[in-house]
Amino acid sequence: MNLLLKIWRQNNSASRGSLVDYPISGIEGDMSFLEMLDVLNEQLIAKGEDPVVFDHDCREGICGSCSLMINGEPHGPDRLITTCQLHMRKFKDGDTIVIEPFRASAFPVIKDLMVDRSSFDRIQQAGGYISVNTSGHTVDANAIPIEKEKADESFAAATCIGCGACVAACKNASAMLFTAAKVSQFALLPQGQIEATDRVLNMVKQMDLEGFGNCTNTGACEVECPKGISLENIARMNREYLMASAKG
Amino acid sequence: MSGFAKSSIARKVVMALSGLFLVLFLALHVTINMSSVISPETFNAWSHFMGYNPVVQFLMQPILIAGVVVHFVMGIVLEFQNRKARPVRYNQYRGSANAPWVSRNMILSGLVVLAFLGLHMYDFWLHEINYKFVEANPEDPTRYFEETVEKFAPLWRTVLYVISFVLLALHLWHGFASSFQSMGLNNKYSPAIRSFTRLYAIVVPLLFIFIALFHHLNPITH
Ligand code: SF4
Ligand code: FES
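Chains as they are written, first to last, in our numbering: chain A, 555 to 802; chain B, 2 to 223.
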């Protein structure tokens, strides 16, 4: 397969950056998208050029490191997968592929396609945890009975890998789906109740502080999320937030 | 509390509540307007009541104006914030791949409706203020039907009217159901709310358009 890649190159967060054309040939349909970029980088290195910087780690769809806006969609045209699971067979010989970083003021570009998503970490640190005594009196989590439906919903919310595709897809660069998933996974469990009020207030406050946009319920996040995190989580977070605010 | 007022979720809820209030108001407005097609006398009676009843004039009208102002001011503030949240735009962005056009263009449909509202206030509200308080004319409970029908005589105004209500339909199509999601309601009733939203977003603007065309095609001949 012969392709024309248009890749965003940017030296550092302060420089301007632009799209640069890279024709590439000999790409197999069975290669993953990241393997295709590996091929390109090997060629660039052989020519003594600067390789394209992009994020990746597990390459099996579980870590949330890989990102990339591919032809205008986060993680590319396929649904319910991350960029590392996207295969080149989804493209045709002769295609032009535009590759850009996830864009949001809260996700500044570090270099080329790599962005700083530590704003997500700070939202998580603001309340995405439960406090458990681990000094030898730890209660077995399974000692507390939990309804099957609640456990399933909580688990579904907990599958969020923090990739940021929801922000990248959203026309408002809103982080509501991510934050809602992290609030919901605890809000649905008895273990999460003790800190429930502070959790939602603090996480939403941090989300706003980071400069993410406001949700207008377009639903783009849910469609592009590689883990299928549902908009119901956002409604749940809104409820939790309103109830927590009413309590003070 | 100040944290609450500034929070993105509180602002969403303000948009939702003011929007729902305006949705309710539309139902009242279209009902009264429909009477102008069916019975000019009834239309005159209702218009006179709305124009001179002190509760309507000095309590409900200010609440309505406040609702409109809150809805569009907040909508514009949020739009600016949202633009700031993505200072560098994408070279390629396939919005249509994951969200319907109406949901992505609420600011556009909203601004068109707002511009129409400007014309509407000029046509009717300013006219009333002038008639009642500046010229200090005596009460005339029979004037409304004629005044209204005359407004639809020029083609340009009727066309603007129709365009605005098409945009209002698009605005409602997303906004009505969306306000329930904003307030935290997403459950087994949501599909019914979405269906009702679609029905409402089509029927109400269509009735307004019908009324406009009806009066344009049936002018008062003296
Ligand atoms: S909600 Fe989905 S898209 Fe957003 S960070 Fe989590 S996994 Fe990624
Ligand atoms: S590299 Fe871990 S999810 Fe793609």
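In short, the hints are calculated from the structure, not lab data.
Predicted model only: the values in this text are computed from it and were never measured.
Check before you lean on any hint, since a few could be wrong.
[What the hints assert, rightly or not] Heads up, simulated SDA-like pairs for lysine to any residue below, C-alpha to C-alpha not over 20 Å straight-line:
1) A/Lys725 / B/Phe44
2) B/Lys7 / A/Glu764
3) A/Lys644 / A/Pro577
4) A/Lys759 / B/Met184
5) A/Lys644 / A/Glu764
6) A/Lys665 / B/Arg12
7) B/Lys7 / A/Ile748
8) A/Lys759 / B/Ala6
9) A/Lys560 / B/Asn92
10) B/Lys152 / B/Leu127
11) B/Lys152 / B/Phe44
12) B/Lys7 / A/Gly782
13) A/Lys801 / B/Gly4
14) A/Lys759 / B/Lys152
15) A/Lys560 / B/Tyr94
16) B/Lys7 / A/Leu743
17) A/Lys759 / B/Val78
18) A/Lys725 / B/Leu127
19) B/Lys189 / A/Gly782
20) A/Lys725 / B/Ala6
21) A/Lys646 / A/Asn625
22) A/Lys665 / B/Lys7
23) A/Lys702 / A/Ala800
24) A/Lys560 / B/Arg12
25) A/Lys801 / B/Ala11
26) A/Lys725 / B/Phe146
27) B/Lys85 / A/Asp670
28) B/Lys7 / A/Gly615
29) A/Lys801 / B/Thr32
30) A/Lys725 / B/Gly4
31) B/Lys189 / A/Ala710
32) B/Lys85 / A/Lys801
33) A/Lys759 / B/Val31
34) B/Lys189 / A/Asn625
[Stated by the list, open to error] Each pair of labels, with its calculated beta carbon distance range:
35) B/Pro88 / A/Phe709: 58 to 64 Å
36) B/Ser97 / A/Lys704: 50 to 56 Å
37) A/Phe709 / B/Phe125: 17 to 23 Å
38) A/Met797 / B/Ile39: 32 to 38 Å
39) A/Gly690 / B/Asn188: 53 to 59 Å
40) B/Leu29 / A/Ala800: 29 to 35 Å
All residues carry an ideal CB built from backbone N, CA and C; glycine is no exception.
Here is how each hint holds up against the structure:
1. Of the supplied pair hints, the one linking lysine 725 of chain A and phenylalanine 44 of chain B is violated, its CA atoms being roughly 44 Å apart against a limit of 20 Å.
2. Annotation: proposed proximity of lysine 7 of chain B to glutamate 764 of chain A holds, straight-line Cα distance about 14 Å (limit 20 Å).
3. With a CA separation close to 18 Å, the supplied pair lysine 644 of chain A and proline 577 of chain A stays within the 20 Å bound.
4. Taken as a hint, the lysine 759 of chain A and methionine 184 of chain B pair is honoured in the structure, with Cα atoms around 18 Å apart against an allowance of 20 Å.
5. Between the alpha carbons of lysine 644 of chain A and glutamate 764 of chain A the distance comes to roughly 35 Å, so the proposed pair goes past 20 Å and is violated.
6. For the suggested pair lysine 665 of chain A and arginine 12 of chain B, the alpha carbons sit about 34 Å apart, so the restraint of at most 20 Å is broken.
7. Under the criterion of a C-alpha separation no larger than 20 Å, the hint pairing lysine 7 of chain B with isoleucine 748 of chain A is inconsistent with the structure, at around 26 Å.
8. For the hint linking lysine 759 of chain A to alanine 6 of chain B, the alpha-carbon distance of about 11 Å falls within 20 Å, and the restraint holds.
9. In summary, the hint linking lysine 560 of chain A to asparagine 92 of chain B is supported, as the alpha carbons are separated by about 10 Å, within the 20 Å threshold.
10. Only pairs whose Cα atoms come within 20 Å are accepted, and lysine 152 of chain B paired with leucine 127 of chain B is accepted, the gap being roughly 14 Å.
11. With a C-alpha separation of about 15 Å, the suggested pairing of lysine 152 of chain B with phenylalanine 44 of chain B holds against the 20 Å cut-off.
12. Between lysine 7 of chain B and glycine 782 of chain A the alpha-carbon distance is near 30 Å, which puts this suggested pair outside the 20 Å criterion.
13. Of the supplied pair hints, the one linking lysine 801 of chain A and glycine 4 of chain B holds, its CA atoms being roughly 14 Å apart against a limit of 20 Å.
14. For the proposed pair lysine 759 of chain A and lysine 152 of chain B, the alpha carbon gap of about 50 Å is over 20 Å, so the pair is violated.
15. Simply put, lysine 560 of chain A and tyrosine 94 of chain B have alpha-carbon atoms about 14 Å apart, close enough for the 20 Å limit, and the pair holds.
16. For the proposed pair lysine 7 of chain B and leucine 743 of chain A, the alpha carbon gap of about 29 Å is over 20 Å, so the pair is violated.
17. At roughly 18 Å between alpha-carbon atoms, lysine 759 of chain A and valine 78 of chain B fall within 20 Å of each other, so this suggested pair holds.
18. Taking the CA atoms of lysine 725 of chain A and leucine 127 of chain B, the gap is near 38 Å; set against the 20 Å cutoff, the hint is violated.
19. Restraint check: the Cα-Cα separation between lysine 189 of chain B and glycine 782 of chain A comes to about 19 Å, which is no more than 20 Å; the hinted pair holds.
20. The suggested pairing of lysine 725 of chain A with alanine 6 of chain B is violated, with an alpha-carbon distance near 23 Å, which exceeds 20 Å.
21. Distance hint between lysine 646 of chain A and asparagine 625 of chain A is fulfilled; the C-alpha atoms sit about 13 Å from each other, no more than 20 Å.
22. For the hint linking lysine 665 of chain A to lysine 7 of chain B, the alpha-carbon distance of about 33 Å lies beyond 20 Å, and the restraint is violated.
23. In summary, the hint linking lysine 702 of chain A to alanine 800 of chain A is not supported, as the alpha carbons are separated by about 29 Å, beyond the 20 Å threshold.
24. Taken as a hint, the lysine 560 of chain A and arginine 12 of chain B pair is broken in the structure, with Cα atoms around 39 Å apart against an allowance of 20 Å.
25. With a CA separation close to 15 Å, the supplied pair lysine 801 of chain A and alanine 11 of chain B stays within the 20 Å bound.
26. Under the criterion of a C-alpha separation no larger than 20 Å, the hint pairing lysine 725 of chain A with phenylalanine 146 of chain B is inconsistent with the structure, at around 45 Å.
27. At most 20 Å may separate the alpha-carbon atoms for a hinted pair to count; lysine 85 of chain B and aspartate 670 of chain A meet this at roughly 17 Å.
28. Straight-line distance between C-alpha atoms of lysine 7 of chain B and glycine 615 of chain A comes to about 36 Å, which puts the hinted pair past the 20 Å bound.
29. Restraint check for lysine 801 of chain A and threonine 32 of chain B: not satisfied, since their Cα atoms lie roughly 40 Å apart, outside the 20 Å limit.
30. For the suggested pair lysine 725 of chain A and glycine 4 of chain B, the alpha carbons sit about 25 Å apart, so the restraint of at most 20 Å is broken.
31. Restraint check for lysine 189 of chain B and alanine 710 of chain A: the C-alpha separation of about 18 Å stays at or below 20 Å, so the hint holds.
32. For the given pair, lysine 85 of chain B sits about 32 Å from lysine 801 of chain A by alpha-carbon distance, which is inconsistent with the 20 Å threshold.
33. The suggested pairing of lysine 759 of chain A with valine 31 of chain B is violated, with an alpha-carbon distance near 41 Å, which exceeds 20 Å.
34. Distance check on the hinted pair: lysine 189 of chain B and asparagine 625 of chain A sit about 36 Å apart at the alpha-carbon level, beyond 20 Å; violated.
35. Here the CB-CB span from proline 88 of chain B to phenylalanine 709 of chain A is close to 36 Å, at odds with the stated 58 to 64 Å.
36. Evaluation of the 50 to 56 Å hint for serine 97 of chain B and lysine 704 of chain A yields a failure: the beta carbon distance comes to about 36 Å.
37. Phenylalanine 709 of chain A and phenylalanine 125 of chain B have their C-beta atoms about 56 Å apart, which leaves the hinted 17 to 23 Å range violated.
38. Our hint of 32 to 38 Å for methionine 797 of chain A and isoleucine 39 of chain B is violated, since their Cβ atoms are close to 46 Å apart.
39. The beta-carbon spacing between glycine 690 of chain A and asparagine 188 of chain B, approximately 42 Å, falls outside the hinted interval of 53 to 59 Å.
40. At about 30 Å, the beta-carbon gap between leucine 29 of chain B and alanine 800 of chain A stays in the expected band of 29 to 35 Å.
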